[in-house]
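Q: Chains A and B supply the protein sequences, listed in that same order.
Numbers in my numbering are just positions in the first sequence, counted from 1, shifted up by 303.
Numbers in my numbering are just positions in the second sequence, counted from 1, shifted up by 127.
Just so you know, these hints were derived from the structure itself, not from any lab.
You may find that some hints are simply not true.
[As the list claims (entries may be wrong)] Facing chain B, a subset of chain A residues (Cβ under 8 Å, in silico): (1) 360; (2) 433; (3) 555; (4) 587; (5) 599; (6) 602; (7) 603; (8) 605.
[Unchecked claim] For each label pair, taking beta carbons as the anchor points, the in silico distance ranges come out as: (9) B:253 x A:442: 48 to 54 Å; (10) A:321 x B:209: 35 to 41 Å; (11) B:129 x A:478: 56 to 62 Å; (12) A:504 x B:189: 56 to 62 Å; (13) A:504 x B:306: 39 to 45 Å; (14) B:240 x A:477: 36 to 42 Å; (15) B:132 x A:387: 40 to 46 Å; (16) B:129 x A:583: 47 to 53 Å; (17) B:400 x A:331: 53 to 59 Å; (18) A:320 x B:235: 57 to 63 Å; (19) B:292 x A:442: 54 to 60 Å; (20) B:258 x A:584: 36 to 42 Å; (21) A:399 x B:307: 36 to 42 Å; (22) B:307 x A:320: 55 to 61 Å.
Everything numeric in this text was worked out from a predicted model, so none of it was measured.
We treat Cβ as the ideally placed atom computed from N, Cα and C, and that holds for glycine.
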Amino acid sequence: MRHLIGSRTTAIVLALIFAAVPIVLNDKTVTYFLTLVLLWSIFCLSFDLSFGIGGMMSFGHAALFGTGAYVYAVLGVDYGWPFWPRLALAMVVAGVLATSFAAISARASRLYFGLATLAVAEVLFALVTTQLRPITGGADGVIGVPRPSLFGYTLTSERSFYCFVVVLTAVVFALMWRIHRSQFGLTLAAIRQNENRVAQMGVNPMRIKMMALAISGAGSGLAGALVSSQMSYAGPQMLGWSTSGDVLMMTVVGGAGTLLGPFVGVLIVELLKAVLSAYTIHWYGILGILFVLVTVYLPGGVVPFLARGLKYFRKGP
Amino acid sequence: MLGTLLLAVSIGVLLFLIATGLTLILGLLGIVNFAHGSIYMVGAYVGVQMIMWTGNFWLALVVAPLVGGVLGVLIELVCLRPIYDRPHHFQFLMTLGLLWILEEAVRLAWGLDFRRMDVPAQFAHTVDLGGVTFSAYRLFVIGVGFAAIMMFWLLDHTAFGLLVRACQLNSAMASSLGINVNRVRTAVVAGGSALAAFAGVISGPLVPIEPTMGFRIIIDCFIVVVVGGIGDIRGALLAALLIGLTRAFGQQYVPDWVSIATYSVLLITLIVKPGGIFSFRVRQS
Numbered sequence: 304m305r306h307l308i309g310s311r312t313t314a315i316v317l318a319l320i321f322a323a324v325p326i327v328l329n330d331k332t333v334t335y336f337l338t339l340v341l342l343w344s345i346f347c348l349s350f351d352l353s354f355g356i357g358g359m360m361s362f363g364h365a366a367l368f369g370t371g372a373y374v375y376a377v378l379g380v381d382y383g384w385p386f387w388p389r390l391a392l393a394m395v396v397a398g399v400l401a402t403s404f405a406a407i408s409a410r411a412s413r414l415y416f417g418l419a420t421l422a423v424a425e426v427l428f429a430l431v432t433t434q435l436r437p438i439t440g441g442a443d444g445v446i447g448v449p450r451p452s453l454f455g456y457t458l459t460s461e462r463s464f465y466c467f468v469v470v471l472t473a474v475v476f477a478l479m480w481r482i483h484r485s486q487f488g489l490t491l492a493a494i495r496q497n498e499n500r501v502a503q504m505g506v507n508p509m510r511i512k513m514m515a516l517a518i519s520g521a522g523s524g525l526a527g528a529l530v531s532s533q534m535s536y537a538g539p540q541m542l543g544w545s546t547s548g549d550v551l552m553m554t555v556v557g558g559a560g561t562l563l564g565p566f567v568g569v570l571i572v573e574l575l576k577a578v579l580s581a582y583t584i585h586w587y588g589i590l591g592i593l594f595v596l597v598t599v600y601l602p603g604g605v606v607p608f609l610a611r612g613l614k615y616f617r618k619g620p
Numbered sequence: 128m129l130g131t132l133l134l135a136v137s138i139g140v141l142l143f144l145i146a147t148g149l150t151l152i153l154g155l156l157g158i159v160n161f162a163h164g165s166i167y168m169v170g171a172y173v174g175v176q177m178i179m180w181t182g183n184f185w186l187a188l189v190v191a192p193l194v195g196g197v198l199g200v201l202i203e204l205v206c207l208r209p210i211y212d213r214p215h216h217f218q219f220l221m222t223l224g225l226l227w228i229l230e231e232a233v234r235l236a237w238g239l240d241f242r243r244m245d246v247p248a249q250f251a252h253t254v255d256l257g258g259v260t261f262s263a264y265r266l267f268v269i270g271v272g273f274a275a276i277m278m279f280w281l282l283d284h285t286a287f288g289l290l291v292r293a294c295q296l297n298s299a300m301a302s303s304l305g306i307n308v309n310r311v312r313t314a315v316v317a318g319g320s321a322l323a324a325f326a327g328v329i330s331g332p333l334v335p336i337e338p339t340m341g342f343r344i345i346i347d348c349f350i351v352v353v354v355g356g357i358g359d360i361r362g363a364l365l366a367a368l369l370i371g372l373t374r375a376f377g378q379q380y381v382p383d384w385v386s387i388a389t390y391s392v393l394l395i396t397l398i399v400k401p402g403g404i405f406s407f408r409v410r411q412s
């Protein structure tokens with residue numbers, strides 16, 4: 304069972320630093336960047352529940368992310384729903400869509416599951432750009448997605464939005480922590496290791512997987528909704544393969560199955576993206592090389608590697 | 128109608144060329160290789176480059192498969208063989224990384240613009256078939272496809288075909304009978320990759336040549352492999368033709384639904400016949 308490196312205090316200290324940075328720096332770009340990092344971390348944490356713990360490699364998580372984004376966006380722009388109901392429905396719809404993934408996993412495993420989920424995402428992408436154009440704005444997407452409004456106050460400034468996202472991330476993280484340690488989480492990990500054995504012990508693996516995917520979906524939908532809120536825009540690329548590929552890359556690089564892995568993965572990838580793109584347009588290839596190196600030399604990801612290093616440091620050889 | 132049918136067949140046989148390599152490699156190595164689509168893409172770009180340098184399409188048709196075969200073997204030796212004993216999804220993820228790298232490498236070498244390949248002069252006319260004008264080049268493609276199908280049929284009945292099937296079914300047993308399984312694997316990888324690159328050059332005059340073509344073709348290939356059954360060449364042919372039909376007729380009559388139709392074929396197969404068209408469910412008591 305992969306745990307957090309260090310202790311709970313380390314986590315809280317890190318979180319406080321993270322929270323304080325933009326407030327202290329008061330730099331809009333940094334705040335925007337960190338908000339994006341946190342939102343994608345929520346996405347990766349959710350993805351990791353079904354992938355890292357549950358062992359289900361989905362190539363279509365963008366479908367959940369994008370659905371959350373579109374539901375939130377359309378309800379906000381066209382129907383003027385208030386914030387919390389919009390967000391809630393986005394999460395629910397994404398969660399329900401995710402349970403359809405579970406139904407697929409009953410008939411397909413590994414590659415087949417990955418392909419089938421990719422198919423679902425691509426079908427949604429096609430639908431959104433063609434048939435559902437009147438609602439979704441087709442390839443142009445939905446613009447003018449409103450920011451959250453809490454107790455009557457709209458979070459238009461980057462700083463206020465960031466504070467909200469920090470709190471939300473902390474809540475999601477705490478939830479994931481509890482799930483990882485709960486009986487449900489342990490059963491899910493067992494299913495990844497040997498589904499037959501778990502079934503023999505009297506547990507219904509399909510139900511567990513369905514729950515895991517539902518939670519994963521809801522989390523992804525939440526992230527998608529808030530990303531569209533931050534960018535004031537929801538577009539078909541959010542449903543596209545590159546989004547699914549990105550979340551997979553970030554989770555694997557950071558460390559699948561760990562709690563800090565998603566954060567680290569998102570940070571590394573987004574930082575590299577930002578830094579490298581200033582020097583060359585071929586930054587995606589460099590990310591590809593990084594990805595290959597990680598899969599070959601650091602199959603557990605960066606976080607477990609760091610954890611081993613830290614342990615060595617503390618206890619000696 | 129006939130025109131669309133011929134179009135479907137031409138799409139289908141091209142897909143068959145690439146997907147067969149993939150399904151054979153998958154059957155033998157057990158690794159799903161995203162980079163196979165990249166080799167197709169590299170083949171197309173090498174074709175473009177050769178034509179730019181020599182103006183000769185046929186030369187490109189010879190050189191590209193060589194490059195493709197070498198690239199495939201390199202990938203297998205350097206990237207895949209060291210991680211054979213890792214869990215499958217790592218190898219899978221790694222080939223995804225390779226796809227990304229190759230995509231970027233192609234962008235680096237040839238830029239972001241779409242490239243075009245002209246139809247070779249010998250086929251740059253149309254043929255009248257039963258009242259339908261059809262591009263001579265597409266007929267050539269169909270001809271090449273059928274030649275490839277014949278070749279596979281023949282190969283299947285040779286000693287080498289037997290070797291491949293033996294290694295596919297039980298590599299440990301084959302090895303203990305004195306067959307050098309690694310060499311068979313490398314041969315299949317080289318052949319499949321060469322074929323993919325060849326298909327890349329052939330499709331050059333038909334599709335826009337751009338860096339994401341590798342990914343797009345590999346998804347179609349995966350669909351063919353899943354629908355046709357892993358390691359099953361007959362199934363791959365049928366599945367490829369099915370996809371070709373879906374794409375051609377879809378594009379002609381319901382263009383908005385082409386993607387959806389193609390992916391629906393995949394989803395329906397997974398629901399009805401998860402092992403592929405020619406599979407049969409082993410009964411569980």
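Q: Does each hint fit the structure? Answer for all of them.
A: Against the structure, the hints come out as follows:
no., hint, result
1, 360, "holds, 6 Å"
2, 433, "holds, 4 Å"
3, 555, "holds, 6 Å"
4, 587, "holds, 5 Å"
5, 599, "holds, 6 Å"
6, 602, "holds, 6 Å"
7, 603, "violated, 10 Å"
8, 605, "violated, 15 Å"
9, B:253 x A:442: 48 to 54 Å, "violated, 34 Å"
10, A:321 x B:209: 35 to 41 Å, "holds, 38 Å"
11, B:129 x A:478: 56 to 62 Å, "holds, 60 Å"
12, A:504 x B:189: 56 to 62 Å, "holds, 60 Å"
13, A:504 x B:306: 39 to 45 Å, "holds, 42 Å"
14, B:240 x A:477: 36 to 42 Å, "violated, 49 Å"
15, B:132 x A:387: 40 to 46 Å, "violated, 55 Å"
16, B:129 x A:583: 47 to 53 Å, "holds, 50 Å"
17, B:400 x A:331: 53 to 59 Å, "holds, 55 Å"
18, A:320 x B:235: 57 to 63 Å, "violated, 38 Å"
19, B:292 x A:442: 54 to 60 Å, "violated, 47 Å"
20, B:258 x A:584: 36 to 42 Å, "violated, 50 Å"
21, A:399 x B:307: 36 to 42 Å, "violated, 53 Å"
22, B:307 x A:320: 55 to 61 Å, "holds, 58 Å"
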